[in-house]
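Heads up: the sequence lines are chains A and B, in that order.
When the letters of the first sequence are read in order and numbered with my numbering, they come out as residues 6 to 114.
When the letters of the second sequence are read in order and numbered with my numbering, they come out as residues 553 to 665.
Everything labelled a hint here was simulated from the structure, so no lab data went into it.
Computed from a prediction, not measured in an experiment: that's the story for all the values here.
Even glycine gets a Cβ: it sits at the ideal position worked out from N, Cα and C.
No false leads were mixed into what you were given.
Between beta-carbon pairs, the in silico distance windows are: (1) D615(B) <-> T80(A): 43 to 51 Å; (2) T99(A) <-> R561(B): 27 to 35 Å; (3) M591(B) <-> N69(A): 26 to 34 Å; (4) N27(A) <-> D615(B): 35 to 43 Å; (5) M591(B) <-> T80(A): 25 to 33 Å; (6) Q14(A) <-> G611(B): 20 to 28 Å; (7) V564(B) <-> P84(A): 28 to 36 Å.
With a cut-off of at most 16 Å between alpha-carbon atoms, the simulated EDC-like pairs for lysine to aspartate or glutamate come out as follows: (8) K101(A) <-> E596(B); (9) K73(A) <-> D96(A); (10) K59(A) <-> E653(B); (11) K630(B) <-> D615(B); (12) K101(A) <-> D609(B); (13) K630(B) <-> E570(B); (14) K101(A) <-> D608(B); (15) K73(A) <-> E10(A); (16) K630(B) <-> D609(B); (17) K101(A) <-> E653(B).
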Amino acid sequence: KNEVEQSPQNLTAQEGEFITINCSYSVGISALHWLQQHPGGGIVSLFMLSSGKKKHGRLIATINIQEKHSSLHITASHPRDSAVYICAVRDGATNKLIFGTGTLLAVQP
Amino acid sequence: DAGVIQSPRHEVTEMGQEVTLRCKPISGHNSLFWYRQTMMRGLELLIYFNNNVPIDDSGMPEDRFSAKMPNASFSTLKIQPSEPRDSAVYFCASRRGVNTEAFFGQGTRLTVV
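The task is simple: from the sequences and hints, build the whole structure.
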C-alpha cells in the first residue's frame, strides 16, 4: 500500500464544475503540499499546509490531521486547470517528501 | 528572479554514455533537491543538499548516479554509464529554510537509447 494515496486517478469535468481531489496518507507528517504539473511538464507548488485551510483564487486546500486526509478543491473550473495534481507529504520522522501518484484532471469547455 | 534553472531541457544519449544534468537554484535558497519522475514510479527524491552538503542520498538508484553541489548556485547530477531504464524526467527544486515551499525547475527529459 502506498503511503500517499490520491483519488480519483483520472477526472474529467465540464467547465464551471466544482472539483475535489482527495489525498490520504498513512505516515505522521510535518507538512502537506499540493503540486500542479502542466502538460508541458513544469511543476508548480500550489499550497503547503500543516493544518486548517488555505485559499488562493479559485483553489482551496484543506487538511484534517487527525484523519490524515487532505482535499484540493477547484471552484468554477476552467480548461486551463487541466493538469496533473500531485499530493506530497513531508514525513515528520525522516523529513522526506513522499509523493502521491497524481490525479489527471481534464476540464472540457 | 528567473526561478530554478535546469539544463539541458532535453537530452537524448546512447546507453553507456555519461550524462550530466545541471541545476541553478534560486538565489538565497539553501536547500536543493533532485527528483526523478517516471510513469511507473511517479516522482521520487534522489538526493537533497542543505547548505551545499548532501544530507540524504538514499534515493540515488545505484553507484552509476552521483550528485555534487560545489557552491550555493550550482548542482550537477551525473549518470555514468547511462542505461535505457534511466530514461525519465529529472527535476531540480530549491527552497529557503526548512518548512517552506519548494520551487521546481522545468525538468530535464532524458532519453537513453
